[in-house]
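J.: What follows is each chain in one-letter form.
There are 2 protein chains.
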Amino acid sequence: MNLYIERDQLIRGLQRVQGIVERRTTNISLAHVLLSAETGDPGSVRMTATDTMVALVASYPARVEKAGELSVDAQAFFQIARALPEPSVHLVADHTNRLQISSGKSVFNIVGMGPEDFPPLPSRDEKSMLKVSGKDLRRLIEETHFSVSADDNRYGMNGAHLEEVSGANGTARVRVVTTDGSRLSWSESGYEGKFGMGRRMLVPRKVLGEVKKLVESDDAAWDIAFGERSAQFHTDGSGEGANSGVDLMVRLVDGEFPDYRQVLPSAFKRSIQLRTDRFADALRRVAIVATDRNHSVRFAFQEDGLVLSASNVDMGDAREEVPAEVQGQPLVTGFNVKYFQDILGATKSDRIQLEMGDALDPCIVRIPDRDDCEFVVMPMRME
Amino acid sequence: MNLYIERDQLIRGLQRVQGIVERRTTNISLAHVLLSAETGDPGSVRMTATDTMVALVASYPARVEKAGELSVDAQAFFQIARALPEPSVHLVADHTNRLQISSGKSVFNIVGMGPEDFPPLPSRDEKSMLKVSGKDLRRLIEETHFSVSADDNRYGMNGAHLEEVSGANGTARVRVVTTDGSRLSWSESGYEGKFGMGRRMLVPRKVLGEVKKLVESDDAAWDIAFGERSAQFHTDGSGEGANSGVDLMVRLVDGEFPDYRQVLPSAFKRSIQLRTDRFADALRRVAIVATDRNHSVRFAFQEDGLVLSASNVDMGDAREEVPAEVQGQPLVTGFNVKYFQDILGATKSDRIQLEMGDALDPCIVRIPDRDDCEFVVMPMRME
Chain G
1 MNLYIERDQL IRGLQRVQGI VERRTTNISL AHVLLSAETG DPGSVRMTAT DTMVALVASY
61 PARVEKAGEL SVDAQAFFQI ARALPEPSVH LVADHTNRLQ ISSGKSVFNI VGMGPEDFPP
121 LPSRDEKSML KVSGKDLRRL IEETHFSVSA DDNRYGMNGA HLEEVSGANG TARVRVVTTD
181 GSRLSWSESG YEGKFGMGRR MLVPRKVLGE VKKLVESDDA AWDIAFGERS AQFHTDGSGE
241 GANSGVDLMV RLVDGEFPDY RQVLPSAFKR SIQLRTDRFA DALRRVAIVA TDRNHSVRFA
301 FQEDGLVLSA SNVDMGDARE EVPAEVQGQP LVTGFNVKYF QDILGATKSD RIQLEMGDAL
361 DPCIVRIPDR DDCEFVVMPM RME
Chain B
1 MNLYIERDQL IRGLQRVQGI VERRTTNISL AHVLLSAETG DPGSVRMTAT DTMVALVASY
61 PARVEKAGEL SVDAQAFFQI ARALPEPSVH LVADHTNRLQ ISSGKSVFNI VGMGPEDFPP
121 LPSRDEKSML KVSGKDLRRL IEETHFSVSA DDNRYGMNGA HLEEVSGANG TARVRVVTTD
181 GSRLSWSESG YEGKFGMGRR MLVPRKVLGE VKKLVESDDA AWDIAFGERS AQFHTDGSGE
241 GANSGVDLMV RLVDGEFPDY RQVLPSAFKR SIQLRTDRFA DALRRVAIVA TDRNHSVRFA
301 FQEDGLVLSA SNVDMGDARE EVPAEVQGQP LVTGFNVKYF QDILGATKSD RIQLEMGDAL
361 DPCIVRIPDR DDCEFVVMPM RME
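These protein sequences, in sequence, are chains G and B.
Residue numbers are given in my numbering: position 161 of the first sequence equals residue 161, and the series is strictly consecutive.
Residue numbers are given in my numbering: position 206 of the second sequence equals residue 206, and the series is strictly consecutive.
Mixed in with the good hints there might be a few duds.
Pairs involving identical chains hold if they fit within one copy or between any two copies, as the list cannot separate such chains.
Here are the computed lysine to any residue pairs in the SDA-like style, where the Cα-Cα straight-line distance is at most 20 Å [as the list claims (entries may be wrong)]:
id, residue 1, residue 2
1, Lys213, Lys348
2, Lys338, Gln79
3, Lys105, Leu306
4, Lys105, Ser311
5, Lys348, Thr276
6, Lys105, Val263
7, Lys135, Asp151
8, Lys105, Val92
9, Lys212, Ser149
10, Lys212, Glu69
11, Lys105, Gly305
12, Lys66, His95
13, Lys105, Thr276
14, Lys105, Ile288
15, Lys135, Lys348
16, Lys213, His295
17, Lys194, Asp223
Think of the hints as simulated: they come from the structure by calculation, not from any bench.
All chains should be modelled from the sequences, with the hints used to inform the complete structure.
T.: Have a look at this one:
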């Protein structure tokens, strides 16, 4: 391998693979990024990283004088790339699998491995494909990723469920649903193409996080292809500074997602509309004292607003009033304050609406004037 | 206690005590800040925190309706103060030692303790006093604090040695000297008043850190009073936003500081002058690979500059060239790269000068055109 690449392209590529590589394992090849240089006009370097559940493949333009392939530690290479002095970087490798990295008067030689030692990638098996805009994909993930179960042993909840639903005018929409058993989020959007994800399959939590990072800086459209037990996320990118040519190959998680429609209440007895900023500030303050395992906060729906309170024996107690328009009878109940903080962190609306039945019924959180997402939070029994 | 205080004053006061309070202990009163409210025109709240080795006492203006004293957890109170919604804060405490904190529609009640349970402060015993500008004090500490031994068992090196030296024109100057056995730093400045610190006494490392924070934002003069086994740092502050009325009462560390003049070489055979920014960049890159316990880097002083190199078996090797004016014969030796990074981090000069004898002689680091500070770094044997 012998090539010249722009330092910024190298840094962008190595940055992307950091979330994919797996360092907490004795298999050091999972911590590696595979570099595959191809000649051409322009030439390119393909970077591949995988933890065997998900693989990221992306290409970057380079002036390639000699094609070749080797893998090196992704974190070490990233650290070096960021520190290089000049905008152009020269990479050379021979049969000894050492990568020479030079830029200006800096020269690094790092120990690599041949491509034959790189782990196998998740298989590809495309049965159907849909297309969704980067903006919609970003929103779908932002509004749902936080309520995936963090417990990998929580069978059927450790990933996002995708399904096809019918829109108001009969058009097909894709809906993403996540739950950890104490709360649930769903968000949906229109798409083109054909939805084909298996009923029993879930998109793993780690993949949601990686796609979220990739769509943060780019509105270019994404193709999502579904196979029997796999999915593939692909974007061509929208040009300069964008995700030009990124593929994520994903092994889906097997598991029965719960019948979530059962927990969505169809009616409510009380509703309250709050200014999002005031609600968020009050939650933040009362959370300081809500340090028990469940971050319990007492919610008192009163005539003229919401009163939040919490206490702990070591520290003391806190009380907050959030003025609001309230409909229905007063009610006192309790919630995990973090669940509301997650919802407010994911939404950009000025106002937010809470709908309640009785004290032990779930609370529905809606964004006024939007019917393409909904959040459900289970209450907790307060003494 | 019943008083009104500006939130910003409260935050500033609580911020200052965070470095003093001690959380890693079963004595919870060491994690507390003592609030002492005094009526008057204007009234004030004095905040006191101590780990028994050092105490910080500072006063803040407040409208005090009823005097009183109690202590509360400093970290919890700080967290609450930063989250309060309105610029004015109302503090109320009664005989139950609960502190009520209210601001706008937020109310907190936190558990406190009476002043009788607050730990005793280091004693005051002023025998002599000197005055130094905040700017000079800042420089004295910045140029020396990093080479205090981090090992508390390193008898005689776990603090800063202060001594009086004679300036070029016969004026008395104060010199701060620190060492950890592998490197040494000294820095000196003029002062007014009388130096009176005991020969055997050292200013503890933690105190240097706290004074450094206090002088960062204020050039107001400081009084340093010395007792037999104590010192007191005091500033009146320079007004708005400043350290108005801060006292640090310090129990000095007992220990024989080594006879440091013995290790200061009086002559050298080689010298090299480097651009600080280029040297710092090269050190940063080569440090990526210098991951052994001693962060060993090979320094080759060549005719046209300095060549730095390092290697480790897992990762590979790195090589850097820094062009420079060199006087004397070529030489190869090795150093802990962190020691040079610390020196460059503390100095603001554009250029830096290294002076060497032979391969195993200490390296003197100087700032061109300055004779009020000097750094010594011991070399290591390279294979």
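J.: Honestly, which of those hints from before does the structure not fit?
T.: Structure breaks hints 6, 7, 10 and 16.
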